[in-house]
Structures are given as C-alpha cells and as structure tokens.
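*Asks:* Chains as they are written, first to last, in the working numbering: chain A, 257 to 656; chain B, 2 to 361; chain C, 124 to 358.
These aren't lab readings, by the way, just hints derived from the structure by calculation.
Careful: at least some of the hints might be erroneous.
As the list claims (entries may be wrong) - To spell it out: a stretch of chain C is covered by chain B in this simulated footprint if at least three of its residues, at any positions, have a beta carbon under 8 Å from a beta carbon of chain B; those stretches are:
no., segment
1, 196-202
2, 212-218
3, 226-236
Unchecked claim - Label-pair restraints from in silico Cβ distances:
no., chain 1, residue 1, chain 2, residue 2, range
4, B, P335, A, P611, 34 to 42 Å
5, C, L201, B, I124, 49 to 57 Å
6, B, Y231, A, Y371, 53 to 61 Å
7, C, R200, B, R211, 54 to 62 Å
8, A, M518, B, P335, 46 to 54 Å
9, B, R153, A, N519, 39 to 47 Å
10, A, S555, B, D64, 26 to 34 Å
11, A, S525, B, R38, 29 to 37 Å
12, B, R38, A, M518, 30 to 38 Å
13, C, R179, A, S593, 44 to 52 Å
14, C, D189, B, L229, 41 to 49 Å
Built from N, CA and C at the ideal position, the CB exists for glycine as well.
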Amino acid sequence: MDSLHLLKACFLLIPAVLMGCLLFSRWRWHVRLPAAIVLGCVLAFGVAGWLPGIMDYLVSFSIMAIIYAILSLGLNAQWGYNGHLDFGVAGFFAVGAFTMALFVTSAPAGVMAAYAQQWFGLNAPYLIGVIAAGIMAGVVAYLIAQPILHLRADFLAIATLGIAEIIRLIFQNERWLANGPQPMSGIPQPLSCVVDGGNCAWLPDAIKPVLSVMQPRDYSYLYLVIVTLGLALVYIVLEAMVRSPWGRALRAVRDEEDSAAMNGKHVKSLRVQSFVLGAIIIGVAGALYAPYMVTIDYSHFKPLFATFLVWVMLMLGGSGNNKGAILGAFVIWAVWSGTGFVTDYLQVALQGIAPDVASRMSFLRWAFVGLLLALIVLYRPQGILPEKKRVSRFLQEPEN
Amino acid sequence: MVDSANTATSGALPGSPDSPDTMTVDARDSGGARSSRFVGGVLLLVLIGMWVAGWLSGTSAQDMLSLTAWGVMLGGIIALGGIGLTLCYGVLKFPNFAHGEFLTLGAYVTYGVVLVLPQSNPIWRFSFGWELIVGLVLAAAVTAVVAIVIDRLLYRPLRRHQSPLVLLAMASLGMEFLLRGIVYLIWGSDFHFYYSGRSNPALSLPFGLRLQADQLFVFALAVVLVALLYWMLTRTRIGKAMRATADNPDLAQVRGINTEQVIAWTWTIGAGLAATGGVMYGLASQMRPDMGFVLLLPLFAAVIMGGIGSAWGALVGSVIIGIAMQLTSAFLNPAYGPAVAFVLMVLVLLMRPQGLFAQR
Amino acid sequence: MPLLQVDAVTAGYGDTEILRALSIRVEADEVVSIIGPNGAGKSTLMKTIFGLLHPRHGSIVFDGHDITHEAPHRIVRLGMCYVPQVANVFTSLTVEENLEMGAFPMGAVDLTASKERVYDMFPKLRQRRRQLAGKMSGGERQMVAMGSALMMNPRLLLLDEPTAALSPKLVDEIFERISRINDSGIGVLMVEQNARQSLGMAHRGYVLANGENRHEGTGRDLLDDPNVGRLYLGG
Numbered sequence: 257m258d259s260l261h262l263l264k265a266c267f268l269l270i271p272a273v274l275m276g277c278l279l280f281s282r283w284r285w286h287v288r289l290p291a292a293i294v295l296g297c298v299l300a301f302g303v304a305g306w307l308p309g310i311m312d313y314l315v316s317f318s319i320m321a322i323i324y325a326i327l328s329l330g331l332n333a334q335w336g337y338n339g340h341l342d343f344g345v346a347g348f349f350a351v352g353a354f355t356m357a358l359f360v361t362s363a364p365a366g367v368m369a370a371y372a373q374q375w376f377g378l379n380a381p382y383l384i385g386v387i388a389a390g391i392m393a394g395v396v397a398y399l400i401a402q403p404i405l406h407l408r409a410d411f412l413a414i415a416t417l418g419i420a421e422i423i424r425l426i427f428q429n430e431r432w433l434a435n436g437p438q439p440m441s442g443i444p445q446p447l448s449c450v451v452d453g454g455n456c457a458w459l460p461d462a463i464k465p466v467l468s469v470m471q472p473r474d475y476s477y478l479y480l481v482i483v484t485l486g487l488a489l490v491y492i493v494l495e496a497m498v499r500s501p502w503g504r505a506l507r508a509v510r511d512e513e514d515s516a517a518m519n520g521k522h523v524k525s526l527r528v529q530s531f532v533l534g535a536i537i538i539g540v541a542g543a544l545y546a547p548y549m550v551t552i553d554y555s556h557f558k559p560l561f562a563t564f565l566v567w568v569m570l571m572l573g574g575s576g577n578n579k580g581a582i583l584g585a586f587v588i589w590a591v592w593s594g595t596g597f598v599t600d601y602l603q604v605a606l607q608g609i610a611p612d613v614a615s616r617m618s619f620l621r622w623a624f625v626g627l628l629l630a631l632i633v634l635y636r637p638q639g640i641l642p643e644k645k646r647v648s649r650f651l652q653e654p655e656n
Numbered sequence: 002m003v004d005s006a007n008t009a010t011s012g013a014l015p016g017s018p019d020s021p022d023t024m025t026v027d028a029r030d031s032g033g034a035r036s037s038r039f040v041g042g043v044l045l046l047v048l049i050g051m052w053v054a055g056w057l058s059g060t061s062a063q064d065m066l067s068l069t070a071w072g073v074m075l076g077g078i079i080a081l082g083g084i085g086l087t088l089c090y091g092v093l094k095f096p097n098f099a100h101g102e103f104l105t106l107g108a109y110v111t112y113g114v115v116l117v118l119p120q121s122n123p124i125w126r127f128s129f130g131w132e133l134i135v136g137l138v139l140a141a142a143v144t145a146v147v148a149i150v151i152d153r154l155l156y157r158p159l160r161r162h163q164s165p166l167v168l169l170a171m172a173s174l175g176m177e178f179l180l181r182g183i184v185y186l187i188w189g190s191d192f193h194f195y196y197s198g199r200s201n202p203a204l205s206l207p208f209g210l211r212l213q214a215d216q217l218f219v220f221a222l223a224v225v226l227v228a229l230l231y232w233m234l235t236r237t238r239i240g241k242a243m244r245a246t247a248d249n250p251d252l253a254q255v256r257g258i259n260t261e262q263v264i265a266w267t268w269t270i271g272a273g274l275a276a277t278g279g280v281m282y283g284l285a286s287q288m289r290p291d292m293g294f295v296l297l298l299p300l301f302a303a304v305i306m307g308g309i310g311s312a313w314g315a316l317v318g319s320v321i322i323g324i325a326m327q328l329t330s331a332f333l334n335p336a337y338g339p340a341v342a343f344v345l346m347v348l349v350l351l352m353r354p355q356g357l358f359a360q361r
Numbered sequence: 124m125p126l127l128q129v130d131a132v133t134a135g136y137g138d139t140e141i142l143r144a145l146s147i148r149v150e151a152d153e154v155v156s157i158i159g160p161n162g163a164g165k166s167t168l169m170k171t172i173f174g175l176l177h178p179r180h181g182s183i184v185f186d187g188h189d190i191t192h193e194a195p196h197r198i199v200r201l202g203m204c205y206v207p208q209v210a211n212v213f214t215s216l217t218v219e220e221n222l223e224m225g226a227f228p229m230g231a232v233d234l235t236a237s238k239e240r241v242y243d244m245f246p247k248l249r250q251r252r253r254q255l256a257g258k259m260s261g262g263e264r265q266m267v268a269m270g271s272a273l274m275m276n277p278r279l280l281l282l283d284e285p286t287a288a289l290s291p292k293l294v295d296e297i298f299e300r301i302s303r304i305n306d307s308g309i310g311v312l313m314v315e316q317n318a319r320q321s322l323g324m325a326h327r328g329y330v331l332a333n334g335e336n337r338h339e340g341t342g343r344d345l346l347d348d349p350n351v352g353r354l355y356l357g358g
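Generate coordinates for the entire structure from the input sequences, incorporating the hints supplied.
*Replies:* Here it is as structure tokens:
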C-alpha cells in the first residue's frame with residue numbers, strides 16, 4: 257500500500273470507527289469503543305489495501321448517503337416523533353443550502369457582478385454558515401407552522417408540498433436572491449487547504465510533508481470526516497432528546513393527543529417544536545450539501561431528489577427510529593446509485609437499437625423508486641427497524 | 002389519519018337529550034368555521050385587490066378583463082381535472098397524489114391515437130378534428146383501467162388492512178413517480194402539440210375579448226360535465242351510493258351497498274374525467290410529461306377550496322384559482338401561478354376547512 | 124324452527140374472547156331483548172350475527188340459511204337488517220336519500236310503496252324528508268336509522284341500543300314504534316341499556332354477562348326474577 261492510500265485510509269478511519277459505534281450501540285462503552293476501533297481499522301485499511309479502485313467512489317457515495325441520513329433524521333423528528341406529514345422537505349433543504357451559500361461566499365464584485373447576483377455574501381466561516389442555515393430553516397418552519405400545522409394530515413401534506421414548491425420557485429425566479437435560475441457557484445469548501453499540498457497555515461510543519469501527497473481532488477476524504485462528525489452530532493442530540501421528558505411528551509402527543517392534552521402537555525407548542533427541530537436539521541443537511549456540490553441551483557431541490565427519496569428512505573429504514581433513518585438512507589441511496597449503473601448500462605446497450613428509448617433510460621429509476629415506495633407501504637410499512645418503545649434511559653430495556 | 006382538532010366540538014352532541022330539534026346555521030358554525038358567504042366575500046375581495054394591483058402596475062382595464070376571461074377559461078381546464086379528483090378524494094378519503102398522472106396519461110394516449118389516425122379537418126372553428134374525440138374516448142378508457150388496476154393491487158389491500166390514510170397517501174406518491182416515469186419512458190421528455198402548425202385564431206367577442214373557440218369549448222365541456230356529475234350524484238342510485246360510501250363506508254356496507262363496486266365506479270369516472278382534462282390542457286396549451294405534477298397543486302387547491310366531494314365546488318374553486326392565477330401575471334412573474342393557487346387554498350383552509358360547498 | 128339460531132358462538136377481537144359459547148334464538152314475530160352490564164358482549168353479539176365479525180366457533184342460522192361466515196351485504200339480502208348504535212345515518216344525505224340507501228340491494232326499483240310504509244310508521248320523517256340527516260336531533264336520527272333498516276321489509280331487525288342518549292319521552296316513543304314494527308310481522312332482536320323498559324315490552328330476554336348467557340326467560344319472568352333485578356335492573 258503506497259503512502260497515498262495509507263493516508264486515505266487514515267481519513268477513512270474516523271467515519272468507520274463512528275459507524276462501528278453506531279452498529280454496536282447495544283454494548284456498553286468499554287466494549288463498544290475498542291470493538292468500533294477494531295472494526296474501523298479493518299474496514300479502512302482493508303478497503304485501502306484490497307479495494308483501492310473503488311475507494312474514491314465509496315467515499316463520494318458515503319458523503320451523499322450521510323447527507324441524506326441527516327435529512328432522514330430531520331424528517332424523522334417531524335414524522336416519526338410527532339406524526340407531521342411533511343412533503344416539503346425539499347423546501348427546508350433548499351433554504352439551508354442557499355443560506356449557507358450566501359453566508360460563506362462573497363458577493364460578486366466588479367466584472368463578476370454583471371454575471372452573477374446574490375443578495376449578500378458574508379464570506380463567513382464554515383461553522384457560522386451551518387448555524388445560520390439551521391436557524392434560517394427553523395425560522396421558515398416556525399413561520400409556516402403557525403397557519404398550517406394544525407391542519408389535518410392530508411391537508412398538511414398538500415400544504416407542505418406547496419410551500420416547498422413556492423420556495424423552489426423563489427430560488428428559481430428571483431435573480432437578486434441567489435442568482436436564480438443560474439447556479440450559485442464558487443462555494444468554498446472548508447479546510448480545503450489540507451489536501452492542497454498540506455498548505456494550511458495552522459498545520460504543524462511536521463505533518464505538512466505527509467499530507468503533500470494528497471491532491472485537491474481527494475478533498476472528499478476530508479469532507480467525509482466532516483459530514484460524519486455532523487451526522488454523529490445530530491444523532492446524539494436527537495437520541496438524547498428522544499429519551500428526555502420532551503421526547504416522551506412528543507410521543508404522547510402523537511399517539512394519544514387528547515390524553516396528552518388533558519395531562520397538561522402543551523400540545524400546540526410541542527407540535528411546533530418538533531416541526532421546527534426537524535426543519536433545522538434538514539437545513540443543516542443543506543448546509544453540508546452546498547460546499548460539497550460547490551455549485552447549487554434550484555434544480556437540486558426538486559421534489560424527487562429532495563423530498564420523495566427521503567420519504568422512501570425513512571419508510572424503509574423504519575419511521576420513529578433514528579437508526580432506521582440512517583439505515584434507510586444508506587440502503588436507498590445504494591439502490592438509487594445502483595439503478596444509476598443499470599440505466600447507464602441500458603442506455604449504452606440500447607444506443608444502437610433504439611436511441612430514442614436509450615436516452616430516456618434514466619427515467620426508469622423514477623419508476624423503480626416509485627414502485628419501491630408503494631411496495632414498502634404495502635408489505636412493510638413499519639420499515640426494517642421498527643420503532644423501539646423507549647421510555648427512559650433509566651429503565652431497563654425490556655427483552656424483545 | 003389523525004383528524005387533528007382543527008374544529009372544536011360544540012357543547013351539545015347531536016343525539017343527546019339536550020340538542021335542539023333543528024340546528025341553527027350561524028355565521029360561525031359549530032366547528033368554528035366561517036360561513037360560505039363570508040369566505041366567498043373574502044375571496045371576491047382578494048380578486049378585486051388583484052385587479053387593482055394589476056391596474057396600478059400599468060395594465061389597462063381591457064387587458065385585465067382579458068386576463069379575467071382567460072382565467073375563467075383556465076378554470077375550465079382545471080375543473081375537468083378537479084371534478085375527477087373531488088369525486089375520488091371524497092369517496093376514497095385520501096389525497097391521490099397520482100391523480101395528475103391520469104391527466105398526463107389521458108393526454109398522451111390521445112396523442113398516440115391522433116398520430117396514428119388520419120388527420121381530419123377541424124370541427125367548426127376548433128383546432129381539433131374527430132380523431133381527437135376518438136383518442137379522448139380511448140384514453141379515458143385506458144386511464145380508467147389503469148386506475149382500477151392500481152386500486153386493486155395497491156389501495157384495496159391497504160384498505161383491507163385498515164391502513165391509516167396516511168399510508169394510502171404515501172403509496173399514491175409512489176404511484177405518481179411510477180406513472181410519470183413510465184410516461185417519460187414511452188414518450189420522452191419533449192413537449193408536444195396535438196396539431197403543430199395548425200393556426201388557431203381567436204374569436205372576436207364583445208367587450209374586446211379575444212378567446213379561442215377551443216377555450217370556450219373546454220369551458221363549456223367543463224360546465225356540462227360538472228352538471229352531469231352533479232345530476233349523477235344527486236339523482237341516480239349509483240351516485241347516491243357513492244355519496245353514502247363517502248359519508249360512511251361502514252354504514253354503507255351495513256345497508257347492503259357493495260362498497261368495492263362503488264369504489265371501482267368512482268375510479269372509472271374520476272380517471273376518465275381526469276383524462277379528458279389532460280387532453281383539454283394539452284389542446285389549450287401543450288403536452289408536457291410533467292403536466293400532471295405542474296397542475297397538481299392548483300387541482301388540490303381548487304378541490305379543497307370548493308369542498309371535497311362537491312362537483313359545483315370543484316368548478317367554482319377552479320374558476321377562482323384560474324382567475325387568480327391569470328390576474329397575478331399582471332403584476333407578478335407568471336411562474337408564481339401555482340404559488341398563488343396555494344396561498345388562496347391556505348386562506349380558505351384557515352377560514353373554512355371544509356371548503357365552500359361542503360354540506361357538513 | 125326459530126327465525127334466528129345462534130349456537131355456541133365464540134367470538135372476539137384479536138386475541139381476546141368476548142363471546143363464549145353463546146346460544147340465543149329468536150322466533151319469528153318475537154321481540155327479544157338482550158340486557159347486561161357494559162362489556163358483556165352485547166354489541167359484539169350483534170356484530171357477529173350480522174357478519175361484521177366472524178365467530179371462531181359455533182354457528183348462526185337465519186331463516187334456514189347458514190350465515191356463520193357470511194358478509195353483511197348478503198345477509199341484508201336474506202332479510203335481516205341492522206341498526207348500529209352510533210353513526211347509523213348518512214349525515215350528508217337527506218332523510219329520503221337515507222331511506223333509499225336502505226333499499227339499495229333491491230336494485231333500481233320503484234321505492235314509493237316502501238317509503239310510504241316507513242313514513243306511515245314515522246310520520247315526523249315525512250315532513251322532514253328533504254332535510255339533511257346530519258342536521259336532525261338524536262331522536263329523529265334514530266327514526267331515520269330504523270326507517271332505513273325497514274325499507275327492505277326485513278324479517279328480522281337488529282337494534283343496537285336504540286334508545287341510547289335519548290330523553291325519556293323519546294325513549295317511550297321509540298319503544299312504542301318497536302312494538303308496532305313487531306306487530307307488523309317483523310322480528311326484533313335488540314340490545315338495550317334501558318333494561319327495565321325493554322324487558323317490559325319484549326317477549327323474551329337474555330341477560331348477558333362476560334360473554335355468557337346468564338339468564339333467559341320471558342320478559343316478565345326476568346323482570347320478576349330477584350337475581351336479575353338486583354344485579355342488572357338497579358334494584
């Protein structure tokens with residue numbers, strides 16, 4: 257294994273270990289951590305050693321899967337915890353992504369101002385952008401929650417669908433806001449200097465020559481670490497909230513609203529809180545998405561990719577269950593990517609026979625995923641990992 | 002589906018010894034919703050406000066009148082899709098997000114037929130010939146079959162399991178993408194016209210209005226179909242059975258109504274009407290594979306505004322939506338049409354969730 | 124042969140057993156009243172007879188037909204009609220339309236005669252025939268519900284707590300109507316909370332408790348029985 261692959265494996269180590277921590281969550285920490293580290297090393301160095309060819313693909317796959325996992329977690333906070341049928345995930349996703357972009361880029365000046373417009377550009381640090389994205393998505397969610405959250409479930413679904421469409425229309429048509437319909441480009445990637453020959457000012461001189469073997473195109477390895485840390489943070493926060501009194505109150509409202517109300521739980525504000533929380537998380541996912549893409553425009557936030565897929569992920573993985581949300585994200589993203597391979601192959605294979613049909617092969621994926629959602633609803637609506645009834649972390653878990 | 006408490010329960014429950022013999026109809030009914038007249042008045046004010054806004058932004062009164070007329074015509078198109086949706090929504094109780102695809106399917110199957118059949122001369126001043134009518138009938142049949150097959154394979158098993166309506170809605174979302182993918186696969190992503198290259202001049206009407214004969218035809222067709230549907234629902238046995246099933250499916254079974262048969266008829270009529278709507282939309286504007294999705298929001302807005310299950314409600318709601326969408330193009334980017342429809346829908350939902358023409 | 128014979132029926136929801144090897148019968152032209160505490164299985168019995176619930180064991184024979192596992196809409200056609208306790212009218216349909224739905228299985232026939240029969244039985248409904256059923260008071264709704272069930276001229280009428288939540292005056296009125304219905308040759312099987320009054324007008328009665336038949340006898344006998352009186356009739 258050459259030094260480049262060794263280095264890449266080291267980058268893979270952190271996400272792999274975190275994944276191990278998640279997988280072994282049933283074990284106590286003094287067993288869990290060593291096991292996770294072992295698993296992490298095996299995975300990271302194993303892949304680097306035996307499957308170096310697909311390493312790059314695995315990394316880019318995992319980054320998108322993790323962003324989708326965060327989206328699923330956000331949707332779970334709305335749907336799984338509190339029964340909000342949110343068909344407007346794409347809207348909060350877009351708000352988060354564009355807020356991030358506006359915060360961390362600088363406003364185009366001089367010659368560039370003729371080609372690209374945006375409302376403002378603060379050239380802010382990455383973390384500020386992420387926080388701003390979350391807050392903005394939360395604010396939007398809070399504002400729309402007032403008039404629509406009390407509607408019955410099917411009306412809420414239609415309303416959220418409509419709002420996501422309006423948000424997309426705004427980003428598509430308002431040039432002054434985010435250069436719509438043109439893309440916003442040049443979104444800076446955090447810590448990109450690390451892979452640019454290791455020329456970061458804050459890196460100790462001893463490490464620089466080691467890192468110099470990395471190229472800018474290996475940035476995704478570093479970004480994988482960043483998004484995995486983001487996912488871990490979101491997951492930990494959500495899990496803690498689920499087991500808190502707040503989480504119990506939420507589930508009480510979801511399952512037995514009248515009874516919860518009679519018990520003094522402030523139903524309306526609890527519902528708004530879970531809705532806003534979910535939106536914040538979805539916005540954070542958007543903030544992680546924008547720098548990875550470097551260039552974003554309204555077409556990234558159409559309902560297929562940014563709402564529908566997330567629902568399939570959550571339904572498959574298990575709604576009401578955070579681990580299920582993450583599992584669903586990975587599985588469905590794998591299915592989606594896999595169908596991409598299949599349709600690419602079909603497209604080439606049919607090129608000679610029926611070029612018209614060949615060019616449309618990509619739509620086969622839509623049909624397939626649509627069918628998949630219908631099948632999941634029909635045969636396993638509770639998902640792969642059904643919700644475990646968690647009352648309190650102080651109670652012993654019941655034997656299943 | 003959690004029927005969240007957006008209506009407060011009144012004091013005396015019907016059936017209790019204390020309830021009066023007849024319930025008085027109040028400005029706010031027992032659920033806290035405003036009366037139809039109030040909501041209608043608000044909507045009228047909104048439309049007038051749009052007129053003023055358009056006029057203030059420089060559009061002439063004549064143009065505003067034209068926009069209003071086109072809005073009514075657009076309302077006719079939306080209504081054709083809307084009456085099918087309101088029927089299905091009312092009987093089956095869940096929002097069928099794939100309903101838009103019945104429009105798309107209807108339009109494209111007709112297109113296929115029109116391509117195959119020899120082109121005939123246009124009828125009167127319309128832009129279409131008999132081959133379109135033939136295509137339409139065939140497309141309505143095909144779409145109805147598709148709807149029934151989907152119901153048998155997907156929605157009926159879910160009904161049997163007493164699945165919450167939320168799951169049916171989600172399943173229908175899956176069907177939306179499945180059907181749309183299939184349309185894209187068969188016909189591609191280009192836009193098409195039924196009769197490309199055929200001129201379709203507008204008729205000159207009083208008040209300086211210029212409307213195409215096609216547009217008038219579509220509107221007239223919408224009114225006729227709405228009237229027919231209303232007649233069917235109120236005067237025929239099967240129509241009343243549909244209303245009964247929509248009202249209380251369990252009781253309908255107890256009374257000996259075969260609810261599954263009623264549901265099959267509902268899908269047939271609803272999908273057939275939708276297919277007609279799709280053809281008319283394709284005729285009046287153009288065929289695009291995402292037409293179903295583009296129209297989905299205005300369709301739901303019209304149906305919800307008019308009151309789910311009401312045929313006339315769907316027409317009135319559609320016309321209001323159509324006018325609003327056209328009027329706002331005078332002072333807003335026309336791309337925001339669906340946004341306007343949506344805002345109006347939310348407005349009505351806040352004032353009167355059951356819609357303008359609901360009976361409860 | 125009795126009009127309705129329920130033989131050792133065991134039924135319930137999910138894993139629970141509500142009815143345990145229950146047997147009752149209704150002769151033609153009888154009024155049979157079933158009383159008992161809440162949770163005894165009275166409503167469950169009605170639903171099982173009418174096919175809304177399938178028994179695990181036992182058999183139900185109606186007018187010579189085995190209807191143990193038959194579906195409701197077929198049982199209706201055999202001549203048995205059921206009036207549920209709640210949600211027993213179509214609230215968004217008019218009174219007249221409700222009646223028409225009651226005769227739905229008869230097909231597209233002229234219903235004037237049947238409607239007249241029901242209006243004769245419930246004159247108040249004749250005045251309000253075009254009113255929405257949902258806008259009527261509790262007593263009137265009950266009449267619409269019963270009228271709908273009578274449209275098919277059934278041989279047996281199943282009534283689930285017909286006088287629930289009604290004022291005493293209306294309770295008398297409903298019982299009087301039930302009596303008249305029975306006089307016209309229709310058997311009545313009813314479940315009732317108003318135990319005294321229902322036993323008073325019934326030919327025979329059953330006392331259900333815990334899904335079992337505790338007492339049976341004529342209405343009069345049960346009323347006079349001190350055991351029944353103490354436990355179920357409020358002393």
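*Asks:* Please name the hints from earlier in the document that this structure breaks, with their numbers sorted from lowest to highest.
*Replies:* Of the numbered hints given earlier, the structure breaks none, since each of them holds.
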